[in-house]
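Chemist: Sequence:
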Amino acid sequence: SKRRMGPQDSATSNALLDATERVLREEGYAAATSRRIAQEAGVKQQLVYYYFRTMDELLVATFTRRTQRALARLEQDLAVDRPIQALWQHLVGIVDARLVFEFVALANHNEGIRKEVARFVTESRRIEAAAIARQFGEEGRDTGPMTPSAVAFLMYCVSLLLRREAATGITEGHDDVLALIDWALKR
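So the sequence shown is residues 1016 to 1202, counted in my numbering.
Hints listed in this document are in silico derivations from the structure and should not be mistaken for laboratory results. Just so you know, these numbers come straight off a predicted model, no measurement behind them. Errors might be hidden in some of the hints.
Label pairs and their calculated CB-CB ranges [to be verified]:
1) GLN1054 - PHE1168: 25 to 31 Å
2) GLY1043 - ALA1133: 18 to 24 Å
3) GLN1091 - GLY1152: 18 to 24 Å
4) ALA1046 - VAL1107: 27 to 33 Å
5) GLY1155 - ASN1123: 29 to 35 Å
6) ASP1096 - SER1025: 25 to 31 Å
7) ASP1096 - MET1020: 43 to 49 Å
8) ARG1040 - THR1158: 34 to 40 Å
9) GLY1043 - TRP1198: 23 to 29 Å
Each residue gets a CB set at the ideal place from its N, CA and C atoms; glycine is no exception.
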């Protein structure tokens, strides 16, 4: 017989998702146990498995909720006259680098997270490239081999490396890179 599950958009399931994010951000994925997450959410450990069949399901649901919100915010942020500049501000403005890196680390060990990371990056890259193509078209620029997908990829890589280094205390050269990108975006 199929076991009964708690409603997925209830206050308790959302509290568990919020607690999972906090534990991942503050303590790392190794600390993301049902006991620790229940403690952080202020509920009994059994409720974790009432709302989520497995810890993997809870982790994937946490990541999926974040990425759904992020994609909606990205589309909203890029619905402006100069989406390339808005995209850069969006990418360098992502402040939750620790949580992002914990999910990336989890993706190395968790097939469900790996699939969701791939889905999210593919979809966000598609949205970004479409916005970049729109601006290129509106400005009538000859961009040569600089395709919208290549620009989206490079902007993501630079912003990701800046965040990763900053999260580990490395900032040498960051101001110069930010100034270079700012200079390029004004042209």
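Chemist: Determine which of the earlier numbered hints do not hold for this structure and return their numbers in increasing order.
Modeler: 1, 5, 6, 9
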